[in-house]
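A.B. asks: Protein chains in written order, with this note's numbering: chain E, 1 to 446; chain U, 1001 to 1308; chain L, 2001 to 2337; chain Z, 3001 to 3442.
Bear in mind the hints are in silico, worked out from the structure with no lab data behind them. Possibly wrong hints are sitting among the right ones.
Restricting the straight-line Cα-Cα distance to at most 30 angstroms, the calculated cross-link-like pairs of lysine-lysine (DSS-like) are [said to hold, decoys possible]:
| no. | chain 1 | residue 1 | chain 2 | residue 2 |
| --- | --- | --- | --- | --- |
| 1 | U | Lys-1194 | E | Lys-171 |
| 2 | Z | Lys-3080 | Z | Lys-3032 |
| 3 | U | Lys-1034 | E | Lys-171 |
| 4 | Z | Lys-3080 | Z | Lys-3160 |
| 5 | Z | Lys-3080 | E | Lys-383 |
| 6 | Z | Lys-3232 | Z | Lys-3160 |
| 7 | Z | Lys-3032 | U | Lys-1034 |
| 8 | Z | Lys-3032 | E | Lys-160 |
| 9 | U | Lys-1034 | Z | Lys-3080 |
| 10 | Z | Lys-3032 | E | Lys-383 |
| 11 | E | Lys-38 | U | Lys-1132 |
| 12 | U | Lys-1215 | E | Lys-160 |
| 13 | E | Lys-160 | U | Lys-1194 |
| 14 | Z | Lys-3160 | Z | Lys-3032 |
| 15 | E | Lys-160 | E | Lys-123 |
| 16 | E | Lys-38 | U | Lys-1135 |
| 17 | U | Lys-1194 | U | Lys-1215 |
| 18 | U | Lys-1034 | U | Lys-1132 |
| 19 | Z | Lys-3160 | Z | Lys-3252 |
| 20 | E | Lys-171 | U | Lys-1135 |
| 21 | U | Lys-1194 | E | Lys-38 |
| 22 | Z | Lys-3160 | U | Lys-1194 |
| 23 | U | Lys-1135 | U | Lys-1215 |
| 24 | E | Lys-123 | U | Lys-1034 |
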Amino acid sequence: MTAAAPIEPALRSNEDDLLLAVRNLQKHFPIREGALQKVVGHVRAVDGVSFDLRRGETLGLVGESGCGKTTLGRCISGLTDPTGGGVYFGLEGDQRGRLDALLAVPEDQHTESTRADLAALEKSHRVDLMSGDPWRRYRRNCQVVFQESFASLNPRHLVKDIVGRPLRVHKEASGSALTERVVELLEQVGLGRQHLYRYPHQFSGGQRQRISIARALALDPELVVLDEPTSALDVSVQAQILNLLHELQQELGLTYLFITHDLSVVRHMADDIVVMYVGKVAEAGRTATIFERPEHPYTEALLASSPDLDRETSVLEPLEGSIPDPARPPEGCRFHTRCPVATPACGWEIDDIVRRLEDVEGTFDTLDGVTRESPFDAWLSFKDEAAAANLAEALRSDAIPASMQSAVEELTVDGARVRVRFAEVAEVPLTVRGADHAAACLLDRT
Amino acid sequence: MVDVPAGPLPTRVADSALRVRARRGGELLLALLKNPTTVAGLVFIVLLLGMAVFAPLITEPNTPDAYQMPRDWGALAVPPGSPGHPLGTTNVGGDVLYGLVWGARTSLRLSVIVVSLTVFIGVTVGSIAGFKGGKVDEILMRIVDVFLSIPELIFALAIAAVLGPSFRNIILALAVVFWVKYARIMRAQIIHVKENEYVDAARVIGDSSWRIYFKDILPNSITPVVVQATLDMGNIVLVGATLSFIGLSEAGIAEWGVLVSEGQSGISAGRWWASTFPGMMVFLWALGFNLFGDGLRDVLDPKTETSR
Amino acid sequence: MQIRDYILRRLMVLPVLIIGVSIIVFALTRVGGSPIGVYLQTGMTQEEVTELEERFHLDDPLPVQYAYWAGGVLTGELGWSGVAAAPVTDVFLPKLAATMELAVSAALVAVVLGIALGTFAGARRNRLPDHITRVFSISGAAMPLFWFAILLLIVFWVYLGWFPIGRSDPNIFARIDHPTNLYTIDSLLAGDFGAFKDAIWHLILPAATLGYGATAIIARMMRSSLVEELQEDYVDAARAKGLPERLVLRRHARRNALIPTVTVIGLSFGFLLQGSVVAEIIFRWPGLGRWMADSVLRGDQATIMAYVLFTSVLFLVVNLGVDVIYAYLDRRVVLGE
Amino acid sequence: MSLVGGIEPKAAPQARAAIASVRDLRVHFRSKVGVVHAVDGVSFDIGDGETLGLVGETGCGKSVTARSFLDLVPRPPGIKAGGAIMFRPHQACAACDGAGCAVCFDSGRAPESCHSCGGDGCERCGHTGQHTVDLMSISGSEMQSIRGNRIAMIFQDPGKALNPAMQIRDQVAEVFFQHRTADLLDDAGLFADGSEPGGSLLRRKAGLRTRRAEDVILSLPPFRSRRGRLMKAVETRIADALAETQIPNPRKVMDRYPHELSGGMRQRVMIAQALACDPDLLIADEPTTALDVTVQARILQLIRELQQRHKTSVLYISHDLSLVREVCDRVAVMYAGRIVEAAPTTSIFSDPHHPYTQGLLAAVPAASHERGRLVAIAGNVPELIDPPDACRFTGRCPFETSACLANEPQPAAVNGAHEVACFIHHPLPGADDAPSFDRRVR
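So here's chain E without its partners, still in its complex pose (with noise of 0.2 angstroms):
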């Protein structure tokens, strides 16, 4: 599906620093069940996502686990191809802006010669769909740095040729020329000749984490992708880590997309976050406004349960609930089930009921069909009277939050059969909050 609305990046880069531009990206996994391993519904890992990455900074992607960040960060390093939207390398001057005003065209409203640009475009922009010269400029230009170190140095391959592969496929040296250009990434992540002929079961996970970083610098690369990069390792492990990476930005004017879901990490190494919740942007922005004014109530609990060494402890009470299922995630604003501010038009929905009630005694014991007209508006139908009474008492009641009670627009009850429909929302899109801070939530909290 196309987006009709023009695609509003969360984060927007001028003309000149613009690196990438990831628009409206989409990851769904087929959900197979029964007998015939038929596709049952989609896990949406990603559901439509969009910001630019500036040259020579760092961009935090930051969430829980089930976030969709891993599968983001693997469809711009090239490992896994989206199934909506696109990642464009390489695009100058005002490249941009005439893609992002192609992508904005409907889809009935495109003539032929639209098309056509568009496709010309994406041939030579879009990650997945480049051959050829641009795909292996962009092959060059992404490296990418594992978090289990253990597992991303092959056992059985010498710290000579893990470091020296990429140079050997693209051949770029070969023979002692190799040896000395390997020696040399070495030093410059810490390590030394003496380490060339050992195995990486002979290495702490500090120092394999040197050896991943050397190979990603091997083709010496504009982008380079930490996914989780020192999630297994100690705090002063992690601080000699952390030190490099800056380091080398700073020598080699790399661009990171730092993945974690470590607040402190992020806040200290990235200089703009996206905060990601069931596949999209929560909220995202330069750093040190996401940190003192976070505007998204997700955003403001996932800060205020993070135990941090310079803050007097939390006093906010913690979330309740935990992560909906990406297969169903919920409507209008995704973070409304487990929201402490909801309002009445946060996307209440025929879910919410089971999701809140299914925890009281009784409630659902003799429930025997959901009828669903929308996900917003469905019967549901009891054995016997007193449970559908019942049900409708507890809507009324406060064992439902007050704006999900007032978000209900019709409740009849007919013999066993309870009928309720919630006000019809839209999906709630990132509004800007302030010079490159933007969030997905309805109030204003300015």
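Starting from the structure of chain E, add chains U, L and Z where the hints point.
C.D. replies: Just chains U, L and Z now, kept in the frame of chain E:
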């Protein structure tokens, strides 16, 4: 649970990849020799292979065909220890010692041919299934499942029976039955290894999927195949001898299964040696390779390998 | 994925495998040249031969021949057994009962002994009982059945004379009638204790031969899976709850270690079927295995093919049963790895 | 006193002796390359009702120390190389019979008087007058009666610490069957008049001792109803325990299997199982490391609430300094098998004394630290194989001198409850070049 850090081992500055790989090989051998059962297995194997290789020196090869048992009509069914026949003779005058020594050579031939054949076919099919995935994987694995649903010995028996009794047919029957094991092991390993991040890392530097297969996936998937091949060097002789015992080989050849079968008729009359000694050889051969294979699995098992 | 889906998927795969096996068996019948050989008598004229070929559809293209052949198999028409000089189907059942009696008794011994031995060794890792069990199970796997049977025969029959050979003393056998053809059960049904003792006495040596190998396989699997379970965190958590060691072993580690072992018990049934061929030859046991061995020597294709088909189907069904038990015991499997 | 989720500080029962005191604990491991001194002379106290944080990086021996309390270190390869863990178990408070009153600070538990000296203090009870046992040397059966009853433990990965093939009901019931057999029988109104038909079988059932065959017998009509009453009694207790850890709809959760619950929910079941018998000491081995940040915050708040309500002492193991600061009253920092510093939370974070603690705090990427300027402690954790008699931080310590290489610093008080093991603060008498903060070596 014991969080003892692996830490860098103090190794001298090695100047060449060859010396490091040699030292690594040395480390593996050392670890192998630490386990007594593995050493016992190795001893059996060396003895049996020695017998097979030096057969012509130990006993005079029979003319015209060394693999036919020589007949000493003058000494029918003599007990062990009689002159000229240290281990006695069969009821048709065949020297038991000759049978053991040349039987070792037949077994070596059988196991080497069948193992190399089955490993080659199995690894190829397994790699295609594991690497390609999808429909191809589905079909190949169904075929493998069908082959595996017929018990090994019965399947080999049926094939050998249809092809007619001969040593060559036993080799063919065993090859048809045993390759599926390797296909299944190889496929499982490839799917497991494909998930490792170093395969993603190789894709990120732009290496071709063909080279990634040979450089990253195959070397890290081959260990269980090597272990199974070692075990099968023993098991194949075991099943082969059983087929010969049942009667699917050529009578009169120096093969342990045949000797046991021919010696069987003398048992009720108390002539035990003609069956016991060849049977014991089959057991030692299978035991040796099984013990060594088991030790190899512990040493090459990735979990223990990386934690050393 | 519910258990229902898991079983449904397994059930759908079963017929595909059975058809696959039947194709292999059919291919085998055609590999050794046309099966007309069995029916030819010397001195038949060419017309008689061609008439025979039409009758048996041997001149049609292969797939059609397969269809007729499969149709015949399904309707129980499995061809003529030269060895037993009777149609395969008539002779099949009594011989099946004999083999089943041997295989099931060996299986009982193997399952009980194997699990006990595996647990005993697994709980005492790298100590003496563990090493003994390892040597026992490896030698069990390496033991040629025909040699072990002959050794038992030489020691217990020739020299000590403790155990008889064959399936039963002929006149005792004739004394009682055989509704089920399971000689031990028949003697119990007839209430003839002497016959029962005789049946058991004949059963010991062959069952021991088969039982030793199967016990070794099960013990080896039980030991390694118990060692693995004992290293899991939930075992430490059970100890931290104050449970005595033997309860931790019985209620937690052993029960979970049994789950993968169930699969191996299914596989060892295949081992028993194979072993029965050898054991029946040596101990002159009138079962399917011996009939198969004789047919192989005499090139009696109909019996061979019937035997291969039957053992494969039996093996598949047993393994399906094992899979269902496995899914029922361990809910994680139902969720799919 | 730190507070989480707005709970006001509580009155710490000062009068009582430490619930547990570890004295010179040594646990070594036999490995292929030699004997590893994983825990090599560790001493600390856990105050009654206090939450002590044991903090250190991978391989410092914190987990081995914690597991030694319940003798969960596998031997071999583990070796008990020395030292003692003195533990002072409580019993039901005589004054309020366990209901909780001022005497026992509403915990319902009071210390037992020392068996050998009747309460006036002797060698056996370390002059505390309270009944004391050495966890390193008590008999197996005595340890069993303490595990899960007086000392309980929760583990890092709740997914692995629950038996995957067993329903939640059966797993939690085991604690009650093991330690509360008599109470269960009373709850079920059995043996009220001294005897019951099939009495011995029911007793064995209530003590988890029945075999499969006996269970079948018990399901037969004459015993079925009695067994039913027993099961109902244990199920009420399980439901209460699960409700205590704020698990919604406990009756439904009891029928579930562990893989059907979320990470946070599984950890709550673990905590319910641990606190079922109202233990005196709860050992938490990195309980929230495997959880997401928001779920972790709720679990920490739950642990804090339960600790306040039941006055349970907690030994909290973690590698995360900022987390420990939120949860613990006192903190002990471990490095290479020894305690280098121990102090109340506020003072150890505001005024760290030992160079390693300072290095650790400076290495945490907090906002105040400028990017790229994190203090990265050079080098790696030393090999603990037959370590020399020297300070273990040498080779990495910025202020080390020859004195540090020659002998081992012992922990000693600096001011009040702040202890540190470093020659900068306790220079060796007569040593010439004592180290000091203003002489940097690297």
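A.B. asks: Would the hint linking Lys-3160(Z) and Lys-3032(Z) be met if the CA-CA limit is 30 angstroms?
C.D. replies: 28 angstroms, holds
A.B. asks: Is the Cα-Cα distance between Lys-160(E) and Lys-1194(U) 30 angstroms or less?
C.D. replies: Holds. Lys-160(E) to Lys-1194(U) sits at ~23 angstroms (cutoff 30 angstroms).
A.B. asks: Take the C-alpha atoms of Lys-1034(U) and Lys-171(E), compute the straight-line distance between them, and say whether it is at most 30 angstroms.
C.D. replies: 44 angstroms, violated
A.B. asks: Hinted pair, alpha-carbon criterion (30 angstroms max): Lys-3080(Z), Lys-3032(Z). Please report holds or violated.
C.D. replies: 18 angstroms, holds
A.B. asks: Taking 30 angstroms as the top limit, are the C-alpha atoms of Lys-3080(Z) and Lys-3160(Z) close enough?
C.D. replies: Holds - the C-alpha atoms of Lys-3160(Z) and Lys-3080(Z) are around 27 angstroms apart, at most 30 angstroms.
A.B. asks: Are Lys-1194(U) and Lys-1215(U) close enough, with their CA atoms no more than 30 angstroms apart?
C.D. replies: 12 angstroms, holds
A.B. asks: Mind checking the alpha carbons of Lys-3160(Z) and Lys-3252(Z) for me, to see if they're no more than 30 angstroms apart?
C.D. replies: Holds, because 21 angstroms separates the two Cα atoms, which is no more than 30 angstroms.
A.B. asks: Would the pair Lys-1194(U) and Lys-171(E) pass a check requiring their Cα atoms to be no farther apart than 30 angstroms?
C.D. replies: 25 angstroms, holds
A.B. asks: Could you grab the alpha-carbon distance between Lys-1034(U) and Lys-1132(U) and see if it respects the 30 angstroms cut-off?
C.D. replies: Roughly 40 angstroms separates the two Cα atoms, so the pair is violated.
A.B. asks: Given the hinted pair Lys-38(E) and Lys-1135(U), is their Cα-Cα distance within 30 angstroms?
C.D. replies: The hint holds at about 15 angstroms.
A.B. asks: Check the hint pairing Lys-3032(Z) with Lys-160(E) against an upper bound of 30 angstroms on the C-alpha distance.
C.D. replies: 28 angstroms, holds
A.B. asks: If you draw a straight line from the CA of Lys-1135(U) to the CA of Lys-1215(U), is it 30 angstroms or shorter?
C.D. replies: At roughly 25 angstroms apart (the allowed maximum being 30 angstroms), Lys-1215(U) and Lys-1135(U) satisfy the hint.
When the structure is compared with the earlier hints, violations turn up for hints 3, 5, 10, 15, 18, 20, 24 and for no others.
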